[in-house]
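Mind docking chain B on chain A? Use the hints.
Same order as they appear, the protein sequences are chains A and B. Sequential numbering of the first sequence, starting at 82, is according to the numbering used here. Sequential numbering of the second sequence, starting at 5, is according to the numbering used here.
Source of the hints: derived by calculation from the structure; they are not laboratory data. C-beta: ideal position from N, C-alpha, C; glycine also. Among the clues, some could well be false.
[As the list claims (entries may be wrong)] Straight-line alpha carbon distances no greater than 27 Å define the calculated BS3-like cross-link-like pairs of lysine-lysine that follow:
{"hint": "1", "chain 1": "B", "residue 1": "K361", "chain 2": "B", "residue 2": "K660"}
{"hint": "2", "chain 1": "B", "residue 1": "K660", "chain 2": "A", "residue 2": "K156"}
{"hint": "3", "chain 1": "A", "residue 1": "K350", "chain 2": "B", "residue 2": "K415"}
{"hint": "4", "chain 1": "A", "residue 1": "K350", "chain 2": "B", "residue 2": "K681"}
{"hint": "5", "chain 1": "A", "residue 1": "K350", "chain 2": "B", "residue 2": "K439"}
{"hint": "6", "chain 1": "B", "residue 1": "K439", "chain 2": "B", "residue 2": "K415"}
{"hint": "7", "chain 1": "A", "residue 1": "K156", "chain 2": "A", "residue 2": "K86"}
{"hint": "8", "chain 1": "B", "residue 1": "K656", "chain 2": "A", "residue 2": "K350"}
{"hint": "9", "chain 1": "A", "residue 1": "K400", "chain 2": "A", "residue 2": "K350"}
{"hint": "10", "chain 1": "B", "residue 1": "K719", "chain 2": "B", "residue 2": "K352"}
{"hint": "11", "chain 1": "B", "residue 1": "K615", "chain 2": "B", "residue 2": "K450"}
{"hint": "12", "chain 1": "A", "residue 1": "K350", "chain 2": "B", "residue 2": "K708"}
{"hint": "13", "chain 1": "B", "residue 1": "K401", "chain 2": "B", "residue 2": "K549"}
{"hint": "14", "chain 1": "A", "residue 1": "K186", "chain 2": "A", "residue 2": "K196"}
{"hint": "15", "chain 1": "A", "residue 1": "K207", "chain 2": "B", "residue 2": "K466"}
{"hint": "16", "chain 1": "B", "residue 1": "K660", "chain 2": "A", "residue 2": "K160"}
{"hint": "17", "chain 1": "A", "residue 1": "K254", "chain 2": "B", "residue 2": "K660"}
{"hint": "18", "chain 1": "A", "residue 1": "K254", "chain 2": "B", "residue 2": "K361"}
{"hint": "19", "chain 1": "B", "residue 1": "K384", "chain 2": "B", "residue 2": "K352"}
{"hint": "20", "chain 1": "B", "residue 1": "K83", "chain 2": "B", "residue 2": "K176"}
{"hint": "21", "chain 1": "B", "residue 1": "K17", "chain 2": "A", "residue 2": "K131"}
{"hint": "22", "chain 1": "B", "residue 1": "K135", "chain 2": "B", "residue 2": "K159"}
{"hint": "23", "chain 1": "B", "residue 1": "K401", "chain 2": "B", "residue 2": "K684"}
{"hint": "24", "chain 1": "A", "residue 1": "K350", "chain 2": "B", "residue 2": "K701"}
{"hint": "25", "chain 1": "B", "residue 1": "K240", "chain 2": "B", "residue 2": "K272"}
{"hint": "26", "chain 1": "B", "residue 1": "K240", "chain 2": "B", "residue 2": "K208"}
[Claimed, not checked] If you anchor each label on the Cβ, the simulated ranges turn out as follows:
{"hint": "27", "chain 1": "B", "residue 1": "N693", "chain 2": "A", "residue 2": "W346", "range": "15 to 23 Å"}
{"hint": "28", "chain 1": "A", "residue 1": "P335", "chain 2": "B", "residue 2": "N693", "range": "35 to 43 Å"}
{"hint": "29", "chain 1": "A", "residue 1": "L159", "chain 2": "B", "residue 2": "K733", "range": "30 to 38 Å"}
{"hint": "30", "chain 1": "A", "residue 1": "K350", "chain 2": "B", "residue 2": "S610", "range": "54 to 62 Å"}
{"hint": "31", "chain 1": "A", "residue 1": "L309", "chain 2": "B", "residue 2": "N693", "range": "56 to 64 Å"}
{"hint": "32", "chain 1": "B", "residue 1": "S655", "chain 2": "A", "residue 2": "P290", "range": "55 to 63 Å"}
{"hint": "33", "chain 1": "B", "residue 1": "N693", "chain 2": "A", "residue 2": "K350", "range": "16 to 24 Å"}
{"hint": "34", "chain 1": "A", "residue 1": "F85", "chain 2": "B", "residue 2": "S603", "range": "30 to 38 Å"}
{"hint": "35", "chain 1": "B", "residue 1": "K733", "chain 2": "A", "residue 2": "F259", "range": "33 to 41 Å"}
{"hint": "36", "chain 1": "B", "residue 1": "V36", "chain 2": "A", "residue 2": "F259", "range": "26 to 34 Å"}
{"hint": "37", "chain 1": "B", "residue 1": "R43", "chain 2": "A", "residue 2": "V174", "range": "32 to 40 Å"}
[As the list claims (entries may be wrong)] Facing chain B, a subset of chain A residues (Cβ under 8 Å, in silico):
{"hint": "38", "residue": "L209"}
{"hint": "39", "residue": "Y216"}
{"hint": "40", "residue": "E218"}
Each chain is listed here by its residues.
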Amino acid sequence: MGSFKEIVNTISNPTILFTSVVIIFPFVFPPSDWFEKWHRKLGLHHLWSKKAIIIAMIGMIAFFIYGLGDYNFQKIVLKPDNVPISGLIFLVVFFTWLSMYQAYKNDERLEAGQKPDEFYEAPNDKVLVWPDLVYVELISLIIMSAFLLVWSIGLPAPIEEPANPTESPNPAKAPWYFLGLQEMLVYFDPWMAGVVLPSLIIVGLMAMPFIDRNPENSGFYSFKRRRLAISLFMFGWLVLWVMLIIVGTVLRGPNWNFFGPFEYWDIHKLEALTNINLSEIVYIKWLNTGLPESILIREIWGILIIMGYFLILPPLLAKTALKDMYGRLGVVRYSVFIVLIITALTLPIKMYLRWIINLKYIISIPEYFFNF
Amino acid sequence: MSESQERHYNILKLNRLFAISTFIFTAVWLLVFVDDYQRPWKTYQKEFRKLEIEKVRSDLNDLSVQLENNPDYNRLTEKLLSAEKRLDSRRDELDKINVELETLNTELYRNNQLYQFSKADLDVLKYDYEKSQFGHDKSSDLKKKYFALNDIVNKYFLIREKSEIRIDKKKKVQQEITKVIGRMKGSLISMTREKNLVERKLSKVDPEAMSFANKVGNVVRDLPVLDFIDPYYEVKQVVINDLEEDLVYMGMPKVDRCVTCHLGIDKKGFEDVPQPYTTHPKLDLMVGPSSSHPISEFGCTSCHAGRGRGTGFNSSSHSPNDETTAHRWEEEHGWEPMHHWENPMFPKRYTEAGCFKCHSGNMPLKEAETLSLGLSVFEKSGCYACHNVTRWNDAPKPGPSLYKLASKTSKDWTYKWIMDPSSFRHNTWMPHFFKKGNNSSPDDIKKTEQEVLAMTEYLFSKSESYEITSVNNSGDYDRGRLLVNSLGCKGCHQIQPNPDPDYDPTIQALRTEQGPNLISLGSKVNEDWLVSWLKNPYSYHEETKMPDLRVSDQEAMDIATYLLADKNNAFDSMNTAQVNDDALNEISADFLSQLLRKSQVNEKISNMTTKEKLIYSGEKLIGYYGCYSCHNIAGFEDRKPIGIALNIEGSKLISKFDFGFWHDEIPHTKWDWLYNKINKPEIFDLIPNEEGSVTVKELNPLEKSRMPHFGLTDKEINGLVTLIMGLVKDEIPASKLPEKTPEYLAETHGERFVHTNNCLGCHKIDEDGGAIWASTAVWLEEIAGPENSEDISLVQSFSPPLLNTQGKKVQPDWLLNWFQNISMIRPHLQVRMPSYDFTHEEWNSVISYFQSKDGLSLKYENPHNFSKATNSYKAGEKIQEEGACINCHFYGEMKPRQDALTWAPNLVLTKKRLRPEWLIDWFNNPQTVMPGTKMPSPYIPVDEPVSDVKEYWGNEVASFVGDTTGMLYGLIDWMWGLEGKEDISSIVKEHLDNEGYGFISDDEDDEW
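Pulled out of the complex, with its shape left as it was, chain A reads as follows:
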């Protein structure tokens, strides 16, 4: 079984894990006909059946039980702060499945000319506040309170050592819901990862109803008619947010180094981190000259790339691949949408650039605290 642990440790490596997730993702949540075809061909639509969730849950539980036999795994998973994350894994899987199960069911009903499952004929399309809403809420409240009491008795508050400015904990971790943002710090300058990108996430969430004004399918689960919207959102939510939280919780150890779930958190573990900026690659590696004095000349290549990415790519896409969408959305909504999407995509792009060519920053102007 030792080798199983080693395999898990190996595939937990971010390059492998992230790459495989990115590749598999569109087949699970197909955004287009082509993927849809393969989705069906590979039988992935069976994922959203009752059988699948039972197998998945049993598999996950089995993995946890097996893992708890391992000292290192146990230490990470059962740490009182991390218990919610372990719960989160199960909940996210379950609710993702539930919504997709419901969506697929509705898709079938619609295809067969039926109304969706959630449809009620008037006057039954309305329910009474009492008892149908408030009573149920009250019962939930009581059960939830009981559950929280039991939890707090069973797992006392995880108090750590008194804060010490000269001795930060290693690894120093953000609260669990911010671990995704903290993960971005590895690849971005702090003001990007800590200020710009989080703000854009909020702006993006606010912009969503204005961009996607399609009234179709409101009020019930459905996938088929909104494939692109759902799979884009799911990518942002599951891969760029939830997965990064899990990675930050379970797989990031001392010195923010990467550790497999069955690996000892050795503080002495080293990773070769010799990252260089784009300007150094261009001028020193390729052109074999020194870095130019002028900041502008030095960083011109990075600036050109970024400008190309943000200014040329959107119109280009509007003319080619996303012609239909451009037509549907109009200039303003299209621009907002595409800028948000390609900004979100900078994260995986940056990750790969880091892994492949040790790129630190595309634009690096430390003189003015500007790095991208």
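Just chain B now, kept in the frame of chain A:
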């Protein structure tokens, strides 16, 4: 799924669900209380309450039995009974009085009220009347009214008084009747006071001894919710406002809740009950309210460390003393190390670490044996030489000076010694730098051989010349042996050829290791050097602790002959390595490349001769290994120590200790790290393998751990760890420190001086010290046979004197003179007080140490006045005659009557040397002052009739009958009048040469 119901959900189902959920919630809510009630400390408190009830009951029982067996108590109770019986006959009378008193009291109440009311009216009227006197229209009407009322008030006053008088009278009669009984009851109460106290205590803890109301209260006070008011079971804590817990951002007052479970810690009588109820083992020193460290002022964690605010076994951060305890704790308490508290409790073996932060100035620390041993070992091993600790900033280097090494020994010896010191001297304090775990590979050894050669070369090339005084006499081995055993050498030195398997390191044992173990000297030094050294150690090394024993040329030769006869053949036959240029180049290159580029290094090396390379790398290596830290070495006078400073090592964060690859083998605690580091300093250069073997890390030559092996025992290492754990940065408020009075400072400074210079190697002070006694016995055995050497009082009499009451005993100015110019006091002694080259100040600090210890302070005193014409003097003369002081004491050149065996100081010296007040104590009871002394109390008439005294002792003594002190002062007067020769050394020498000591062997003893 359409439903025609009005409601979406089935209301009956919801009701059921609601009911179930409320039941669940209620159950969970009750669980909260159960959980609160099951907190471990509550269980402990309940358990302890049982123990306490048991204890108080048995105390009460003991006291009752005691009272029952007390005849006074029994007599009194009997008397009381009969008195009460007698009183019965007057019962009627008493009853009548009581009835009358009741009526009278009612009357008084009534009369008093009449008076009070009228008085109140009068006061109002008085004000009205006075007001009416103000202004123009004075009312005479009011005036009249006022005085009329005044008369009435006075009348009522008198009536009230009469009632009072009547009551008093009755009461007097009543008291008269019950007086006897009252008195008896009073004395009974005072006899049973203690018992009553215990009874009251019992009624507080024992429900069975409570009144019904209290029984109810006892239950109610601990009920849920109500228990916030005044529960019996509660978290108990000690808050100490001026001791602060360092929480980095701020200091928080120390709050110790340890007493919540350790309930018996400050109570006597729980010594034998199991933890956590056990009484503190040193209640008179710690915790107890009358001890010097009461719990209310010092708490617990200020000494023991740990998390005082914790109320659970884990949250208070206990530390097990050994693995067995750890396993037991894991099973019983689910114990695990608490990672989130930087100062876990010291395990039992290191508890004394807590003493050091306040008592760092002392040496030794009484009642802290482990720590004192640690301090001693720290000094002996010279830890402070490489690792700066402020306390030892002014301490001299622990090793001998190497300035004049060439005159003392050979290169060959030096090489072998550096390479492997213990092969020459098995218990040397010189540590092993080589052949350790991280430099023992064949390549390493090849390299270290060259390193040692280089260092030897450097030392000899820099050695100064030393003028040796050669002596032409020839020495005698046996005489030398006797001298070494009798002169006092063995107060500081051992001669122990083989390791002692039962060696138990204690401060006392370390005293005989003040100087080196004097074995195999024949393999090390030459005769001329040794003789010069013995005759004047300071000429070889000014700072040496070796004193001048004023040996004659002949004595020096004898001792040298004896010591040099011992050789270490195995050591002599070891080989010295040959110079290997390649290895030497490598070593030089390692150092050169710290400054130069590779090409420059090569160029430089190719231009150096072999000798130059040796000396260059020798110097670098001495700097690198830090040899200069312990030894005086030319060229290294201003170097800083090579080790890290240890001043706040105990407060260093655990994360700053690098456990390397030993995280599974070594528990993650500071003390375990320190223990392993000291025990095997290179351990963290090694990687443990599964089979128990180790691999050396990939390290550059200059990256390896340099700390050498000291070959210490477990006990010694534990002492060192205790000391290092005590080196903390805690700020201690002055209120918690011993008060720094001049006496305290003199005493602590003196104690340290006495310790540093090993005075206790020879002398005993207050039952401590006297390491030399064993050697005295050896000498005695040789000259007088085992029957004498086994006589401990004889051993004592031939050992250096006890220094008890030294401050009270001698006149300070005499002592100072004597220290600087030693002369004979005890004529029978062979052992010599050495001549030290201490300064005036140093001697003064020794004298003020003695004085402070005895509560004196270096004051000028009037000389003792006497006259030969007084009765006192004449009585003294008679007493010395009758007491036959001359049997043992010299009177100037007048020799004692008895053999040299019992000789005692020349009494002519007394007037300059001793203080009369002390002499009185001394005469009164020599054994209390100097336990084991052979001095008897002088014989004086105490209880005899005056007439007898007149007849036998003469009129002068008779005039002092009943005044013992007066007679003793007479003796002192006589002594002060005694004239004669002070220096009797030549007489003594002549006597001893001709007649010897006159030891008595067993057969002769019978005849006595």
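Each hint, compared with the structure:
no. : hint                         : verdict
1   : B:K361 to B:K660             : holds (21 Å)
2   : B:K660 to A:K156             : holds (22 Å)
3   : A:K350 to B:K415             : violated (47 Å)
4   : A:K350 to B:K681             : holds (23 Å)
5   : A:K350 to B:K439             : violated (30 Å)
6   : B:K439 to B:K415             : holds (20 Å)
7   : A:K156 to A:K86              : holds (15 Å)
8   : B:K656 to A:K350             : holds (23 Å)
9   : A:K400 to A:K350             : violated (49 Å)
10  : B:K719 to B:K352             : holds (13 Å)
11  : B:K615 to B:K450             : holds (18 Å)
12  : A:K350 to B:K708             : holds (20 Å)
13  : B:K401 to B:K549             : holds (10 Å)
14  : A:K186 to A:K196             : holds (11 Å)
15  : A:K207 to B:K466             : violated (105 Å)
16  : B:K660 to A:K160             : holds (24 Å)
17  : A:K254 to B:K660             : holds (20 Å)
18  : A:K254 to B:K361             : violated (36 Å)
19  : B:K384 to B:K352             : holds (25 Å)
20  : B:K83 to B:K176              : holds (23 Å)
21  : B:K17 to A:K131              : holds (26 Å)
22  : B:K135 to B:K159             : holds (26 Å)
23  : B:K401 to B:K684             : holds (24 Å)
24  : A:K350 to B:K701             : holds (15 Å)
25  : B:K240 to B:K272             : holds (19 Å)
26  : B:K240 to B:K208             : holds (17 Å)
27  : B:N693 to A:W346: 15 to 23 Å : holds (21 Å)
28  : A:P335 to B:N693: 35 to 43 Å : violated (24 Å)
29  : A:L159 to B:K733: 30 to 38 Å : holds (35 Å)
30  : A:K350 to B:S610: 54 to 62 Å : violated (43 Å)
31  : A:L309 to B:N693: 56 to 64 Å : holds (58 Å)
32  : B:S655 to A:P290: 55 to 63 Å : holds (58 Å)
33  : B:N693 to A:K350: 16 to 24 Å : holds (19 Å)
34  : A:F85 to B:S603: 30 to 38 Å  : violated (54 Å)
35  : B:K733 to A:F259: 33 to 41 Å : holds (35 Å)
36  : B:V36 to A:F259: 26 to 34 Å  : holds (31 Å)
37  : B:R43 to A:V174: 32 to 40 Å  : holds (38 Å)
38  : L209                         : holds (6 Å)
39  : Y216                         : holds (5 Å)
40  : E218                         : violated (11 Å)
Checked against the numbered hints above, the structure breaks hints 3, 5, 9, 15, 18, 28, 30, 34, 40 and satisfies the rest.
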